[in-house]
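**Q** In the UniProt record's numbering, the protein residues as written are 1 to 344.
Any given hint might turn out to be false.
Said to hold, decoys possible - Capping the alpha-carbon separation at 25 angstroms, the derived lysine to any residue pairs in SDA-like fashion look like this:
{"id": "1", "residue 1": "LYS103", "residue 2": "ASP78"}
{"id": "2", "residue 1": "LYS318", "residue 2": "ARG210"}
{"id": "3", "residue 1": "LYS53", "residue 2": "SER126"}
Hints were generated in silico from the structure; no laboratory data involved.
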Amino acid sequence: MAYFSAVRPLRMSLLRGVGARGLPANFAVTTFAARRSFSSYLVAPQELADALKKSPPSPISSEPRVIPLCASWFLPNDPQGRTGIQVFREKRIPKARFFDLDKVIDKRSPYPHMLPSPKGFAEAMSELGIRREDTVVVYDSQELGIFSAPRVGWTMKVFGHPSVHILNNFRLWVDQGFPTESGNVWTVECGTYPIPEMDENKVAQFEEVREVAQDYNKEGAEGVQVLDARSYGRWSGKDPEPRPGLSSGHMPGSINIPFDAVLDPMTKAFLPADKLRDVFVKKGVDPEKPIISSCGTGVTACVIETALSEANYGSPEKRKVYDGSWTEWAQRVKPSDSLIRKEE
1 MAYFSAVRPL RMSLLRGVGA RGLPANFAVT TFAARRSFSS YLVAPQELAD
51 ALKKSPPSPI SSEPRVIPLC ASWFLPNDPQ GRTGIQVFRE KRIPKARFFD
101 LDKVIDKRSP YPHMLPSPKG FAEAMSELGI RREDTVVVYD SQELGIFSAP
151 RVGWTMKVFG HPSVHILNNF RLWVDQGFPT ESGNVWTVEC GTYPIPEMDE
201 NKVAQFEEVR EVAQDYNKEG AEGVQVLDAR SYGRWSGKDP EPRPGLSSGH
251 MPGSINIPFD AVLDPMTKAF LPADKLRDVF VKKGVDPEKP IISSCGTGVT
301 ACVIETALSE ANYGSPEKRK VYDGSWTEWA QRVKPSDSLI RKEE
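Can you build the whole structure from these sequences, using the hints too?
**A** Pasting the structure below:
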C-alpha cells in the first residue's frame, strides 16, 4: 500500500484528558458516533450518500468520520484477469480507501486470506488513515455486487472496530447515479490505530471443524452445522477448485448454500430478511443449533454469515466463520480420514 502517505500525527484532542466543561474526553466522540450511526449493518446507497455529506472523510477533521472502504477482490482464475486495485482505480466512491485482501493477512500462513494478527490489523488501519472512532462502510466492485466486502466487515468485527457496515451495494450506487471518481488514489493522513484484541469466539479453527465432521451423525453430537458457500459443482466434487492441485468435494454433513443464493440475481445485493430466512429454512438449517460458515478461502463464507445476521437466523453467539475454509481443509485432512466427500 505504498500509495498512501507517510505517517503523520493525528489530531487527537478529543481523546485525551478532560474537556473544558469537565466532560470525559471521549464524550464528544461518543456523541458524534451515536448521531452518525446507521440503522442496520447493511447500508443503502442513499443512506451512505447522506452520511458522507454530513461526515465526509476529511483529513483535517478531528471528529468521527464516515469512511468508504473498497474491498474489491476477484478469484485467481477470474476469466478477465481483473484485480481489486484495478477496478478501484477505474471507478470508486469519492475519497474511498482500498483494503487489499491479499495483503492484510497472516503472511506466515500457507493458506490465503487467514486473519492478520491484531498488530497487523492495527498497522493496516493506521496506513489507511482509519481511526477507531470512524464509521467504516465497506463495499464491493460494481462488477460482482456483493462478494468480498462482507469478509472485510467481518474482519473488522473480529478485531472490535466499534462501527462497521456493508454497502448494499456499489452496483446500485452506480445505477442510482451517486458520484464516483477514477484515476490515481489520493494520499491520506495516516495515524496510529490501537492494537485491538481478537474476538476468537467468531472464528472456527481447523481442529474444531474436523471434530464437527468426525462427529457427524454420531449419537450425542452437538449437531454443529457447516454451511458451504461454494458453488454446487465444487461442493459436489464435479467441478475443479480454482486453485490448481486442490481437491474439490465437501465435509461430511455440510450444507451447500452457494453465496449467490442469498443475493438478488439482478442487482447482486442481499435479499430482504424474510427471503433470506426462506433460503435457510428450505436448506434445512436449524437456527437453534450452532452454525459454521465456510467457503474456499473464508471470503464468501462471510456473505453467508452476513445473510444469517441480516435474517436474524441463529444466535450470534453460536455462529462462526471457518477462517481457513476449504483451501486449508483439503490440504490438511488425510485420505484415510474419509473427510472429503463427493457426490456420485
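**Q** Starting from the hint list further up, note which numbers the structure goes against and sort them upward.
**A** none
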